[in-house]
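Per the UniProt record's numbering, the sequence shown starts with residue 1, numbered consecutively.
Hints listed in this document are in silico derivations from the structure and should not be mistaken for laboratory results.
None of these values were measured; they are calculated from a predicted model.
Positions of the beta carbon are idealized from the N, C-alpha and C atoms, including for glycine.
Just so you know, not all the hints are guaranteed correct.
Here are the in silico distance ranges between beta carbons for each label pair [to be verified]:
no., residue 1, residue 2, range
1, SER8, ILE58, 20 to 30 angstroms
2, LYS48, LEU26, 27 to 37 angstroms
3, LYS4, GLY27, 35 to 45 angstroms
4, VAL18, ALA44, 16 to 26 angstroms
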Amino acid sequence: MTNKDKVSGKVGEIKGDVKETAGEALGDKDLQREGKADRVEGRAQQVKGDVKQTAKDITR
Numbered sequence: 001m002t003n004k005d006k007v008s009g010k011v012g013e014i015k016g017d018v019k020e021t022a023g024e025a026l027g028d029k030d031l032q033r034e035g036k037a038d039r040v041e042g043r044a045q046q047v048k049g050d051v052k053q054t055a056k057d058i059t060r
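Work the whole structure out from these sequences, hints included.
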């Protein structure tokens with residue numbers, strides 16, 4: 001089962017990958033850092049979604 005946090009997190013992770021890759025291609029270190037931060041934030045949101053889902057499954 002998928003929840004909002006997991007989906008939003010995956011979108012953020014993909015957005016971060018795109019920014020980081022674009023930053024590498026353009027030689028833009030700021031864009032690379034921004035992309036990496038977005039990617040990490042997206043992954044954290046996915047983990048949050050996993051925790052919520054696990055808690056929900058346990059309480060059933």
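Now for the hints, and whether the structure bears them out:
1. SER8 with ILE58: 20 to 30 angstroms: holds, 23 angstroms
2. LYS48 with LEU26: 27 to 37 angstroms: holds, 31 angstroms
3. LYS4 with GLY27: 35 to 45 angstroms: holds, 36 angstroms
4. VAL18 with ALA44: 16 to 26 angstroms: holds, 18 angstroms
No hint from the list above goes unmet by this structure.
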